[in-house]
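Protein chains in written order, with this note's numbering: chain A, 1 to 237; chain B, 1 to 257.
It is worth saying that the hints were derived from the structure and are not from the lab. Please note: incorrect hints may appear among the correct ones.
Unchecked claim - Computed spacing ranges between beta-carbons, pair by pair:
#1 R249/B with A226/A: 35 to 43 Å
#2 P94/A with T153/B: 42 to 50 Å
#3 L72/B with R210/A: 56 to 64 Å
#4 R210/A with L237/B: 42 to 50 Å
#5 S181/B with E217/A: 54 to 62 Å
#6 P94/A with E150/B: 24 to 32 Å
#7 G159/A with A97/B: 54 to 62 Å
#8 P86/B with T23/A: 37 to 45 Å
#9 R243/B with A104/A: 29 to 37 Å
Claimed, not checked - In silico EDC-like cross-links for lysine to aspartate or glutamate, where the CA-CA straight-line distance does not exceed 20 Å:
#10 K89/A with E150/B
#11 K89/A with D153/A
#12 K89/A with E234/B
Here the structure is a predicted model, which means the values were calculated and not measured. For every residue, glycine included, the Cβ atom is placed at its ideal position computed from N, Cα and C.
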Amino acid sequence: MLTLTGVGHDYAGVPALTDIDLTLEPGQILAVVGRSGCGKTTLLHIAAGLITPTRGRVENRFRRPAYVFQEPRLLPWRTAWQNIAFGLKAAGRPAAEQRRVASALMERLGLEGAADKYPHELSGGMRQRVALGRALAIEPDLLLLDEPFAALDPGLRAGMQRLVLDLLEERRLAALFVTHDLTEAVRMGDTLIALSPAPGRIIARLELGRTPRTDAETYVHRTVAAIWPRVSRAFPD
Amino acid sequence: MRRIRRRLWSLLGIATALVLWHLIALQYPPWAVPTPLDVARELVRLGQTGALWRAVAVTTGRTLAGFGIAVLLGGGAGLLSGLLPPLRQALAPVVTAIQGVPPVALIIVALLWFDANSSAPIFTIAVAVLPIIFAAAVEGAGAVDRNLIEMATVFRAPRRMLVTEIYLPHLLGYLFPALLSGLGLAWKVALLAELMAGSRTGMGAGLGTARVNLNVAGMFAWIAVVVILLLAMENLLLRPLKRRLEPWRRGGEGGGG
Chain A
1 MLTLTGVGHD YAGVPALTDI DLTLEPGQIL AVVGRSGCGK TTLLHIAAGL ITPTRGRVEN
61 RFRRPAYVFQ EPRLLPWRTA WQNIAFGLKA AGRPAAEQRR VASALMERLG LEGAADKYPH
121 ELSGGMRQRV ALGRALAIEP DLLLLDEPFA ALDPGLRAGM QRLVLDLLEE RRLAALFVTH
181 DLTEAVRMGD TLIALSPAPG RIIARLELGR TPRTDAETYV HRTVAAIWPR VSRAFPD
Chain B
1 MRRIRRRLWS LLGIATALVL WHLIALQYPP WAVPTPLDVA RELVRLGQTG ALWRAVAVTT
61 GRTLAGFGIA VLLGGGAGLL SGLLPPLRQA LAPVVTAIQG VPPVALIIVA LLWFDANSSA
121 PIFTIAVAVL PIIFAAAVEG AGAVDRNLIE MATVFRAPRR MLVTEIYLPH LLGYLFPALL
181 SGLGLAWKVA LLAELMAGSR TGMGAGLGTA RVNLNVAGMF AWIAVVVILL LAMENLLLRP
241 LKRRLEPWRR GGEGGGG
């Protein structure tokens with residue numbers, strides 16, 4: 001469980017986040033939506049323990065968070081399976097285990113036959129799946145996702161969203177999912193939090209439940225329309 | 001097809017140069033300007049006596065020893081300087097000063113401190129080449145992708161892994177051009193050092209002997225050997241090594257075939 005109480009963070013005296021209260025339970029997906037620059041990535045960095053916030057209290061009971069960035073951030077000089085095994089290698093796991101875990105994940109992620117390819121030989125969607133595999137390889141209990149599909153073609157995005165939802169459910173993982181796209185936040189999140197433009201503060205908190213498998217598009221569009229009045233302040237134009 | 005045509009042009013360039021050399025040489029007496037054929041004959045003679053191979057072995061050994069020291073020290077110090085800005089600020093002016101010292105001056109000092117027949121040329125080569133490698137390593141370490149470092153931090157990679165998984169592979173791309181020019185410099189300095197130090201062995205010594213005997217064809221022959229060795233080292237050792245060490249770049253070149 002992750003609990004933030006009255007958290008705020010400043011960069012060089014300029015506030016980026018203020019008054020953030022949130023909890024994330026095991027197995028829950030919390031989608032955070034807001035315009036770019038509203039402190040979403042800062043929130044993820046706080047959850048990952050990369051930065052200590054200037055104000056407030058953070059209580060993180062998750063043992064092992066894993067991160068998926070907006071860009072794949074793969075090592076160009078390592079093959080796909082070696083990239084997936086990066087976290088295991090960092091944890092000092094034996095080579096045979098690295099190989100075994102990586103190949104099982106590659107199969108699950110639809111990356112068969114790509115094990116010995118280098119990142120520049122893979123398509124953008126495959127690279128992001130390798131990055132996802134790298135995060136899942138360390139058997140995390142919390143997945144931190146920083147706009148992981150923003151750089152993908154719209155056609156690929158829907159498939160990746162479904163894949164991540166399935167994986168989160170299979171592994172009963174908690175996730176903190178950050179995006180600027182409201183439909184994506186509705187599709188991914190059990191709970192949705194909308195942040196105001198900088199400095200980010202919570203302007204709406206909505207319990208949505210999980211996206212159904214059938215008629216997902218209808219569900220998403222209907223939900224977006226229903227909640228729009230409450231979250232529109234996050235997107236002033 | 002394109003590659004063959006490129007080769008043809010290269011060969012044509014070399015052939016033209018040789019023909020021009022030959023025509024010019026014919027205008028002068030053979031003891032002043034030898035023809036390419038004279039030089040080739042001299043090469044064969046040197047090869048037959050065995051003196052050539054012994055000299056090549058000795059000079060190659062010295063060159064690689066000095067070059068190796070420069071790569072280890074320059075690369076190591078450069079990597080550390082890239083990681084620790086205060087160290088970089090402390091070392092950079094020192095290395096720049098060393099780079100400013102002409103190799104000839106280095107040789108004179110080296111002769112006072114070291115043995116003219118072994119360590120003096122090695123020392124000179126190492127000091128002359130070190131700044132080139134150092135500068136490339138500093139620049140490479142500084143240009144490392146911060147996003148990858150952040151990724152490694154998130155995945156709790158130990159410091160050792162940052163070096164082996166990120167810094168070293170990244171640095172290789174920066175170091176390679178420096179290694180090539182450093183190796184070229186190493187050969188030139190090796191010859192210079194052997195000649196200046198009056199070494200009894202090595203190609204510099206052979207060049208010195210040819211000079212004393214006013215054997216211009218012999219001098220040309222030694223120069224040709226140096227050029228051939230440098231090209232061989234670059235194309236038979238360093239470039240294949242780069243391909244082996246950086247298989248991930250292969251797909252980027254050309255493509256298709």
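Tested hints:
| no. | hint | in the structure |
| --- | --- | --- |
| 1 | R249/B with A226/A: 35 to 43 Å | 52 Å, violated |
| 2 | P94/A with T153/B: 42 to 50 Å | 23 Å, violated |
| 3 | L72/B with R210/A: 56 to 64 Å | 58 Å, holds |
| 4 | R210/A with L237/B: 42 to 50 Å | 60 Å, violated |
| 5 | S181/B with E217/A: 54 to 62 Å | 60 Å, holds |
| 6 | P94/A with E150/B: 24 to 32 Å | 27 Å, holds |
| 7 | G159/A with A97/B: 54 to 62 Å | 59 Å, holds |
| 8 | P86/B with T23/A: 37 to 45 Å | 43 Å, holds |
| 9 | R243/B with A104/A: 29 to 37 Å | 32 Å, holds |
| 10 | K89/A with E150/B | 16 Å, holds |
| 11 | K89/A with D153/A | 31 Å, violated |
| 12 | K89/A with E234/B | 35 Å, violated |
In summary, the numbered hints that this structure violates are 1, 2, 4, 11, 12.
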